[in-house]
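A.B. asks: Chains as they are written, first to last, in this note's numbering: chain G, 1 to 432; chain C, 433 to 910.
In case anyone wonders, no lab produced these hints; they're calculated from the structure.
Since the structure is predicted, the reported quantities are computational estimates derived from the model, not experimental observations.
Heads up, a few of these hints could be off.
Here are the simulated SDA-like pairs of lysine to any residue, each with C-alpha atoms no more than 25 Å apart in a straight line [claimed, not checked]: (1) G:63 with C:756; (2) G:333 with C:589; (3) C:803 with G:66; (4) G:432 with C:860; (5) G:21 with G:241; (6) G:74 with C:793; (7) C:586 with G:241; (8) C:860 with C:746.
Only part of the chain G face toward chain C is listed, based on derived beta-carbon distances under 8 Å [said to hold, decoys possible]: (9) 29; (10) 31; (11) 78; (12) 79; (13) 128; (14) 131; (15) 143; (16) 328; (17) 376.
From the three backbone atoms N, C-alpha and C, an ideal C-beta is built for every residue, glycine too.
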Amino acid sequence: MRTGERRVLTVRETVLDNGLKVLVQEVHTAPLASVWCWYRVGSKDEGPGVTGVSHWVEHMNFKGTRNIPRDQVKGIIEKFGGSWNGYTWIDQTTYLETASKDALDRMLFIEAERMDACLYDPADCESERTVIISELQGGENDPEQLLDTEVNAAAFKVHPYHHPTIGWLSDLQTMTREDLYGHYRRYYVPSNATLVIVGDVDTDDVLKRVESHFGGFAQGSRPARVRQVEPEQQAERRVVLRREGTTAYWKAAYHAPAFSDEAFFPLLAADAVLNGAAGLNIWSQGGVSRPQRSARLYRALVDGGLASTVSGALLPTEHPYLYAINASVAEGKTISAVEDVILSEVERLRRDGITPAELAKVNAQLRARFVYDADSVTDIAHQLGYFETIASWRAYSTLRERLDAVTPELVHTAAKRYLADENWTIGWFEPK
Amino acid sequence: MMADDPKAEGKRQKAESPTQKAGGLAPVRVVLDNGVTVIVKANHTTPSVSILAAVRTGGYADLPGKEGTAALCARVLDRGTVSRNAEVIADELDSRGASLSVSTGRHQMSASATCLSDDFPAVLALVADVVRHPAFPEAEVAIRRADLISSIRKEQDNPAQMAVDAFVRALYGSHPYSRKIRGTVEAVESLKRQDLVRCYQKGFLPWALTIVVVGDVDEQPAVEMASKLFGDWTALATGDKRPTGGDKPLGLSIPDAPQPLERSLVAVPMMNKSQADVAYGFVGIRRHDLDYTAISVMNNALGQYAIGGRLGDSIRERQGMAYYVFSSLEAGFGEGPLTIRAGVSAENVERTIASIDAELNAVLNDGFTEKEIDESKSYLVGSIPRQLETNGAIAAFLLNAEIFGLGLDYDVRLPGLIQAITLDDANKAARRLLDPARATIAVAGPWAPNPATLTTPTTPTNPPNPADEATPWSLPDE
Numbered sequence: 001m002r003t004g005e006r007r008v009l010t011v012r013e014t015v016l017d018n019g020l021k022v023l024v025q026e027v028h029t030a031p032l033a034s035v036w037c038w039y040r041v042g043s044k045d046e047g048p049g050v051t052g053v054s055h056w057v058e059h060m061n062f063k064g065t066r067n068i069p070r071d072q073v074k075g076i077i078e079k080f081g082g083s084w085n086g087y088t089w090i091d092q093t094t095y096l097e098t099a100s101k102d103a104l105d106r107m108l109f110i111e112a113e114r115m116d117a118c119l120y121d122p123a124d125c126e127s128e129r130t131v132i133i134s135e136l137q138g139g140e141n142d143p144e145q146l147l148d149t150e151v152n153a154a155a156f157k158v159h160p161y162h163h164p165t166i167g168w169l170s171d172l173q174t175m176t177r178e179d180l181y182g183h184y185r186r187y188y189v190p191s192n193a194t195l196v197i198v199g200d201v202d203t204d205d206v207l208k209r210v211e212s213h214f215g216g217f218a219q220g221s222r223p224a225r226v227r228q229v230e231p232e233q234q235a236e237r238r239v240v241l242r243r244e245g246t247t248a249y250w251k252a253a254y255h256a257p258a259f260s261d262e263a264f265f266p267l268l269a270a271d272a273v274l275n276g277a278a279g280l281n282i283w284s285q286g287g288v289s290r291p292q293r294s295a296r297l298y299r300a301l302v303d304g305g306l307a308s309t310v311s312g313a314l315l316p317t318e319h320p321y322l323y324a325i326n327a328s329v330a331e332g333k334t335i336s337a338v339e340d341v342i343l344s345e346v347e348r349l350r351r352d353g354i355t356p357a358e359l360a361k362v363n364a365q366l367r368a369r370f371v372y373d374a375d376s377v378t379d380i381a382h383q384l385g386y387f388e389t390i391a392s393w394r395a396y397s398t399l400r401e402r403l404d405a406v407t408p409e410l411v412h413t414a415a416k417r418y419l420a421d422e423n424w425t426i427g428w429f430e431p432k
Numbered sequence: 433m434m435a436d437d438p439k440a441e442g443k444r445q446k447a448e449s450p451t452q453k454a455g456g457l458a459p460v461r462v463v464l465d466n467g468v469t470v471i472v473k474a475n476h477t478t479p480s481v482s483i484l485a486a487v488r489t490g491g492y493a494d495l496p497g498k499e500g501t502a503a504l505c506a507r508v509l510d511r512g513t514v515s516r517n518a519e520v521i522a523d524e525l526d527s528r529g530a531s532l533s534v535s536t537g538r539h540q541m542s543a544s545a546t547c548l549s550d551d552f553p554a555v556l557a558l559v560a561d562v563v564r565h566p567a568f569p570e571a572e573v574a575i576r577r578a579d580l581i582s583s584i585r586k587e588q589d590n591p592a593q594m595a596v597d598a599f600v601r602a603l604y605g606s607h608p609y610s611r612k613i614r615g616t617v618e619a620v621e622s623l624k625r626q627d628l629v630r631c632y633q634k635g636f637l638p639w640a641l642t643i644v645v646v647g648d649v650d651e652q653p654a655v656e657m658a659s660k661l662f663g664d665w666t667a668l669a670t671g672d673k674r675p676t677g678g679d680k681p682l683g684l685s686i687p688d689a690p691q692p693l694e695r696s697l698v699a700v701p702m703m704n705k706s707q708a709d710v711a712y713g714f715v716g717i718r719r720h721d722l723d724y725t726a727i728s729v730m731n732n733a734l735g736q737y738a739i740g741g742r743l744g745d746s747i748r749e750r751q752g753m754a755y756y757v758f759s760s761l762e763a764g765f766g767e768g769p770l771t772i773r774a775g776v777s778a779e780n781v782e783r784t785i786a787s788i789d790a791e792l793n794a795v796l797n798d799g800f801t802e803k804e805i806d807e808s809k810s811y812l813v814g815s816i817p818r819q820l821e822t823n824g825a826i827a828a829f830l831l832n833a834e835i836f837g838l839g840l841d842y843d844v845r846l847p848g849l850i851q852a853i854t855l856d857d858a859n860k861a862a863r864r865l866l867d868p869a870r871a872t873i874a875v876a877g878p879w880a881p882n883p884a885t886l887t888t889p890t891t892p893t894n895p896p897n898p899a900d901e902a903t904p905w906s907l908p909d910e
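Could you build the full structure based on these sequences and the hints that come with them?
C.D. replies: Put into structure tokens, the structure is as follows:
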């Protein structure tokens, strides 16, 4: 048995009467506690005209509450040596604090206030509008992000994964305080949330405190879920972006299985064979570089001198999302040469599959990544909440099992099904 | 993380935090007969190990016209040894899910590896091979040189990077700190295998090497393993003796950086970009400076605490101009910069610079409040356990303490050092470094300066400087 197999997950799951799910994991290795509050709302839950509202709401929820005046938000966790943050993506909005365990009650209080008592002062909404537009424009400075936005929008015609999490600029310019507040009230209800506490804590004590901070909130009605289903793609799609720049970028996005789909792990293994295993923690990304020197695309493109970087991304999502391959073209080489090599490697994978030795290698890589993915209380809490939000936290405890069930045949089948040309959107960023 | 060995879990449950013990981290430190320093800290919280192997040379030692030598040396170092070619190294790492990378600073090059604990002996042996017997194969030199050039070209399209580069060039002028560690396209193009070999031979010396191992290992056996792997290493170059005062980078003395006498602004127009990046700052201090802790506390209150300290309060929270604004302090063997950074829309560049001026002047005129400094101190002290939670973070902390001669008990002493800083110390630190009339400012992005609208700063000590108007609004000399 390898060392990576030792740790046992002893999560206590509790559901309060109002529907709030609480997950507690004791980890007594450092005098710290991490609290994350997750909401099942992300950019896919946004309609036309209000794209970006989930992310903007996330920003507003750091701006004072009924019992935490605006001027006392600053430092509320820092004085305990703690850090806080939050993020929004396609399926989720989440907030975290990690601090000395002595700050546990304070952290729970902050999350309770955030769930129920944010103010949405009109002046704060306005001042945040420009901060968010600045965030969007900072992203646009990066050609890879520009290309990402265009490729994702082309890949999804129907499903709201179509629009970027930050939103379209015109929506950010016109959204109102009422749009923001309405979204907040609709989705920030106990029955749509998961509270995760990991660290040097006593579970019974945590649950008592949680009950006292959150128990009084009304259940609220569970928000409606997205019903759109992306129709099967019928033909390849292409996007070519020509802008000033110094470097060409290539990207392909294939419609891919959701995390719960049985094809997810076979495709994850396929990506690891092409690019090295990236792990499944989108927050910390394992904190260490991906083992990709012997991966097929790295050898063909980077060692072959055609690209300076290449990577793949299959991220765990609630609905079928995308498997992406990204490459930056080496100085003096052409984007079409990079495309030819990638597509021929993908075709070889579809034709011949992978060897048992390759599977053994990527299995070892993924096992190691799962350890690196959870090396702090913050990361363990992230993983529990992340998987609970898109599927179930129990799915997190079966990652290894699902990985071990992958065979070369399953990888071959997944590659044949998902990496087909009528399933891809290819994007070029060509500097002019 | 998941599975089923209750015995092993018992071990983890009992494992205490490296910082929980009364004696702090208290790592084992051994200096081998050949001068290699080995530092090991057991931390059984996850079944993984972090390894750092660092020497005391870096981009600073690059010869004029050969900027980027150390950076390229680092990229090729782990791409082939006398007994393992690049492919074998790749397979050894990838089959274990282990990662290895080599990075370069001004005065340091370090190989950094992460692996599962079962793989520790094999990965440490690989690190030793890379450090002791690199082959610098010609084919790898060619590939990684082209790679480095591609990276430099990518940076030229990144306003944040371009603002910082222009800022550093303008701030340091003829001082060697104005050079980029990655070098220039022209310099890197000219680099040959022999340049890398020379860089290696000059810097990779037993006395200059520190190995740090942190993670799921037992300390004594790990020290023995390192002793076996590195103990019989003798340097290729002759006459390289460890200089007295072992905390110096290869015995180099780094000249004081010239202090700008007036304010200057350089613009790097990138009209195709959506947003401008501002870098604003001053020559900072050396790590050994007696004011280091006071300046760190001051910097936290100025541009870090919560979202960006005082600067964040003004520019992000009150004025809504920027998604990010912060200040950072790089204190090394020489005087690294204190840099304030912000990303703002082109029409807000002048207002942002004026706001930074205003905040600095407020600090200089009225000082910080007692509350601000107390909060920053509480934060810096309270965050130590969190900063020292993971193997990688502990290893970096221990290496830093070793390189700067801070002592094995630095983690224990650090809270006291921070607590001892008074409001007066922090205000003095601010007055020592901050002076809008002598700020160096660089802006990269879709913005061109309009001298008529640029705010002229006032400070308590210096009158407005008419020379500001004459500042060249152009790209600084390469």
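A.B. asks: Look at each hint and say if it fits the structure.
C.D. replies: Each hint, compared with the structure:
1. G:63 with C:756: 16 Å, holds
2. G:333 with C:589: Holds - the C-alpha atoms of residue 589 (chain C) and residue 333 (chain G) are around 17 Å apart, at most 25 Å.
3. C:803 with G:66: Since the Cα atoms of residue 803 (chain C) and residue 66 (chain G) sit roughly 24 Å apart, the hinted pair holds (cutoff 25 Å).
4. G:432 with C:860: 51 Å, violated
5. G:21 with G:241: 44 Å, violated
6. G:74 with C:793: The hint holds at about 22 Å.
7. C:586 with G:241: 17 Å, holds
8. C:860 with C:746: Within the cut-off at roughly 22 Å; holds.
9. 29: 4 Å, holds
10. 31: 6 Å, holds
11. 78: Since chain C brings a Cβ to about 4 Å from residue 78 (chain G), closer than 8 Å, the hint holds.
12. 79: 5 Å, holds
13. 128: At about 6 Å, which falls below the 8 Å cut-off, the nearest Cβ of chain C leaves the hint on residue 128 (chain G) intact, so it holds.
14. 131: Check passed: Cβ of residue 131 (chain G) comes within 5 Å of chain C, closer than 8 Å.
15. 143: 7 Å, holds
16. 328: 7 Å, holds
17. 376: Residue 376 (chain G) check passes; min Cβ-Cβ to chain C is 5 Å, inside 8 Å.
The structure fails to meet hints 4, 5 from the earlier list, while all remaining hints are met.
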